[in-house]
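J.: This is what each chain is made of:
Number of protein chains: 2
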Amino acid sequence: MDNDAYLDKYRSYVRLTEERLLTLCDRYLPEQAEISRAARYSLLGGGKRVRAVLVLSSCELAGGDVDAAADYAAALEMLHCYSLIHDDLPCMDNDDFRRGRPSCHRQYSESTALLAADALVTAAFEVIANAPLSADSRVRAAAALACGAGARGMLYGQELDKHFEHHRADAEQLLSLHRHKTGALILAGVQLGCEAAEAPSMLRQPLETYAREIGLVFQIVDDILDVTSSTEALGKPVGSDAENEKTTFVTLYELDGAQAMAQQHNDAALAALEPLGERADFLRRMAESLLVRNK
Amino acid sequence: MDNDAYLDKYRSYVRLTEERLLTLCDRYLPEQAEISRAARYSLLGGGKRVRAVLVLSSCELAGGDVDAAADYAAALEMLHCYSLIHDDLPCMDNDDFRRGRPSCHRQYSESTALLAADALVTAAFEVIANAPLSADSRVRAAAALACGAGARGMLYGQELDKHFEHHRADAEQLLSLHRHKTGALILAGVQLGCEAAEAPSMLRQPLETYAREIGLVFQIVDDILDVTSSTEALGKPVGSDAENEKTTFVTLYELDGAQAMAQQHNDAALAALEPLGERADFLRRMAESLLVRNK
Numbered sequence: 001m002d003n004d005a006y007l008d009k010y011r012s013y014v015r016l017t018e019e020r021l022l023t024l025c026d027r028y029l030p031e032q033a034e035i036s037r038a039a040r041y042s043l044l045g046g047g048k049r050v051r052a053v054l055v056l057s058s059c060e061l062a063g064g065d066v067d068a069a070a071d072y073a074a075a076l077e078m079l080h081c082y083s084l085i086h087d088d089l090p091c092m093d094n095d096d097f098r099r100g101r102p103s104c105h106r107q108y109s110e111s112t113a114l115l116a117a118d119a120l121v122t123a124a125f126e127v128i129a130n131a132p133l134s135a136d137s138r139v140r141a142a143a144a145l146a147c148g149a150g151a152r153g154m155l156y157g158q159e160l161d162k163h164f165e166h167h168r169a170d171a172e173q174l175l176s177l178h179r180h181k182t183g184a185l186i187l188a189g190v191q192l193g194c195e196a197a198e199a200p201s202m203l204r205q206p207l208e209t210y211a212r213e214i215g216l217v218f219q220i221v222d223d224i225l226d227v228t229s230s231t232e233a234l235g236k237p238v239g240s241d242a243e244n245e246k247t248t249f250v251t252l253y254e255l256d257g258a259q260a261m262a263q264q265h266n267d268a269a270l271a272a273l274e275p276l277g278e279r280a281d282f283l284r285r286m287a288e289s290l291l292v293r294n295k
Numbered sequence: 001m002d003n004d005a006y007l008d009k010y011r012s013y014v015r016l017t018e019e020r021l022l023t024l025c026d027r028y029l030p031e032q033a034e035i036s037r038a039a040r041y042s043l044l045g046g047g048k049r050v051r052a053v054l055v056l057s058s059c060e061l062a063g064g065d066v067d068a069a070a071d072y073a074a075a076l077e078m079l080h081c082y083s084l085i086h087d088d089l090p091c092m093d094n095d096d097f098r099r100g101r102p103s104c105h106r107q108y109s110e111s112t113a114l115l116a117a118d119a120l121v122t123a124a125f126e127v128i129a130n131a132p133l134s135a136d137s138r139v140r141a142a143a144a145l146a147c148g149a150g151a152r153g154m155l156y157g158q159e160l161d162k163h164f165e166h167h168r169a170d171a172e173q174l175l176s177l178h179r180h181k182t183g184a185l186i187l188a189g190v191q192l193g194c195e196a197a198e199a200p201s202m203l204r205q206p207l208e209t210y211a212r213e214i215g216l217v218f219q220i221v222d223d224i225l226d227v228t229s230s231t232e233a234l235g236k237p238v239g240s241d242a243e244n245e246k247t248t249f250v251t252l253y254e255l256d257g258a259q260a261m262a263q264q265h266n267d268a269a270l271a272a273l274e275p276l277g278e279r280a281d282f283l284r285r286m287a288e289s290l291l292v293r294n295k
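Read top to bottom, the protein sequences are chains A and B.
Everything in the first sequence is counted per the UniProt record's numbering, starting at 1 for the first residue and increasing by one.
Everything in the second sequence is counted per the UniProt record's numbering, starting at 1 for the first residue and increasing by one.
There could be a bad hint or two in this list.
Because identical chains cannot be distinguished in the list, a pair is counted as satisfied if it fits within a single copy or across any two copies.
[As the list claims (entries may be wrong)] Straight-line alpha carbon distances no greater than 20 Å define the calculated SDA-like cross-link-like pairs of lysine to any residue that follow:
no.: 1; residue 1: K162; residue 2: E31
no.: 2; residue 1: K162; residue 2: P90
no.: 3; residue 1: K162; residue 2: E34
no.: 4; residue 1: K162; residue 2: S109
no.: 5; residue 1: K162; residue 2: E110
no.: 6; residue 1: K162; residue 2: P30
no.: 7; residue 1: K48; residue 2: Q205
no.: 8; residue 1: K162; residue 2: R37
no.: 9; residue 1: K48; residue 2: R293
no.: 10; residue 1: K9; residue 2: L276
no.: 11; residue 1: K162; residue 2: E245
no.: 12; residue 1: K9; residue 2: H163
I should point out that these hints are in silico values taken from the structure, not numbers from a laboratory.
So here's chain A without its partners, still in its complex pose (with noise of 0.2 Å):
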């Protein structure tokens, strides 16, 4: 699979999220409540879809139906953007910008943006409810992703990045807060869609390695890119883990460190899908295109 090939598909992937989104939004958050619109507003403003992405490629990968696959991507994808909102509020990193924007509690207000998060989980799990899948593949899904996102998973992440802006992170702090916080969810992708395709344990295996091996270059990537990339580019301010004092990959092992370990978790990733041959190229076209982003 050449770049272009890999840039079209990825597109192709995005782009059918991004129409399951408006359809769901449509059935599930009617635009008369406010909070639907202030749901909306973040929810279709954007990103790169990589977890969406993840959902669709691995149930390809599997074998899978991919127009039916799209809908647990635009549930992942509502619940990944419920956690951003959450996130930025006063209460945890009050962060005013998002993806170039005025975050959704700037631009609503702090309860409309608490509440259009709480819509936007709700919403995702009543999308996996019904999806149009087996219902043994939509509890499986569901619970997959409840796991993911819960209190043993992304949340339990947040409390931890929350914890360590006042105390100092050792190596192994910082590899457990990330691959609670950001590592729960890209996981929960591969496994959401090993679920839309009903896929056997031979697959799930190295897809769950490869996703937990990207979590970790994904966010060592983002560490590095807060030191070296500029607000512009990034869409929101760069610098602001130095401002707030906090641990990163690059306060541990400086900029060549960082780089040098985001290298070897590809080459995990990597090798995870060795067993899997031609079909994963998609994965590892998408593996390097994390690890040398700009953005």
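Since chain A is already given, all that's left is putting chain B on it; use the hints.
T.: Showing chain B alone in chain A's frame:
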């Protein structure tokens, strides 16, 4: 069914719910996370468990397995508890007390309370996804819960409630507010009970009408108690509605009018149960107890 038999039954439903909540907390809200400890603080802090009792009694009425339905009952209480925690936050009602104890964000912190509630809503859907019932029952239960809790249900009610802090509500708007804010989860109670029992629609329709009516009774009596009861009896400040210049059933209809209205909705609830005969006796007693409650 005499009053003692009713109370015994009610207590047995509450006991089953509390036991199941403890088991499920150990599984889904492990105590090493502070957000889990905060979630347990609010979740296991008592309450009437009206919604859980509706799940269990509807399930039993429809001939289902009450023990299996306890997972749905627990999930609904988790979801209700999350809504209370977010409702108490400074950007919402800014309430310092709940059930006679400091509210979650007063006992912990605002960020911990935010995430604790998020953990509860997520756990609610995880509990349903993994409940010991058929996959068909579980996806329908998840869909019903999400529909009642989301932007077309409870969350829209929370938005209306916030909106009408600053705007005068007329009678129709007040009804809509409460049908969404409180009514939607009361309705979800009987729906989850019916899903647990895989009840036929000839049972569902009377039970749903009953739930809609007692949901209003519940709220009207709440408004009455805010005027007539004591802070000690309620475990929360009385007179807060008047202080906040809130439109309530009492401000619209005076005490006598509100009392008559509660009676009228109670009568409608009982009328709906007519076709179900004796087996609905528990629900009849329950409606009465909601009507005459003093806390």
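J.: Could you figure out if K162 and S109 sit no more than 20 Å apart (CA to CA) within one copy, between two copies, both or neither?
T.: Between. Shortest inter-copy distance 11 Å satisfies the 20 Å Cα cut-off; intra-copy 22 Å does not.
J.: With identical chains, the pair K9 and H163 could be close in the same copy or across copies; at 20 Å between alpha carbons, which is it: within, between, both, or neither?
T.: Answer is neither: 39 Å inside a copy and 45 Å across each miss the 20 Å cutoff.
J.: Is it within, between, both, or neither for K48 and Q205, if the alpha carbons may be no more than 20 Å apart?
T.: neither (25 Å within a copy, 45 Å between copies)
J.: Between the shortest in-copy and the shortest cross-copy C-alpha distance, which are at most 20 Å for K48 and R293: within, between, both, or neither?
T.: Result: close within a single copy only, 11 Å intra versus 53 Å inter.
J.: If the cutoff is 20 Å on CA atoms, where do K162 and R37 land: within, between, both or neither? Let me know, please.
T.: For K162 and R37, the Cα distance is within 20 Å only across copies (16 Å; inside one copy 28 Å).
J.: Is the C-alpha distance from K162 to E31 at most 20 Å within one copy, between copies, in both cases, or in neither?
T.: Answer is between; shortest inter-copy Cα gap is 17 Å, intra-copy 33 Å.
J.: Are the CA atoms of K162 and E110 at most 20 Å apart within a copy, between copies, both, or neither?
T.: both (19 Å within a copy, 12 Å between copies)
J.: Measure nothing new, just compare the shortest in-copy and cross-copy C-alpha distances for K9 and L276 to 20 Å and report within, between, both or neither.
T.: Answer is within: at 19 Å inside a copy they meet the 20 Å cutoff, but 57 Å across does not.
J.: Given identical chains, is K162 near E34, meaning Cα to Cα at most 20 Å, within a copy, between copies, both, or neither?
T.: between (29 Å within a copy, 11 Å between copies)
J.: Within a copy, between copies, both or neither: which one fits K162 and E245 at a CA-CA cutoff of 20 Å?
T.: Within one copy, since 13 Å is at most 20 Å while 37 Å is not.
J.: Within a copy, between copies, both or neither: where do K162 and P30 come within 20 Å Cα-Cα?
T.: between (33 Å within a copy, 18 Å between copies)
J.: At 20 Å max between alpha carbons, let me know whether K162 reaches P90 within a copy, between copies, both or neither.
T.: both (12 Å within a copy, 19 Å between copies)
In summary, the structure is inconsistent with hints 7 and 12 from the numbered list given earlier, while agreeing with the others.
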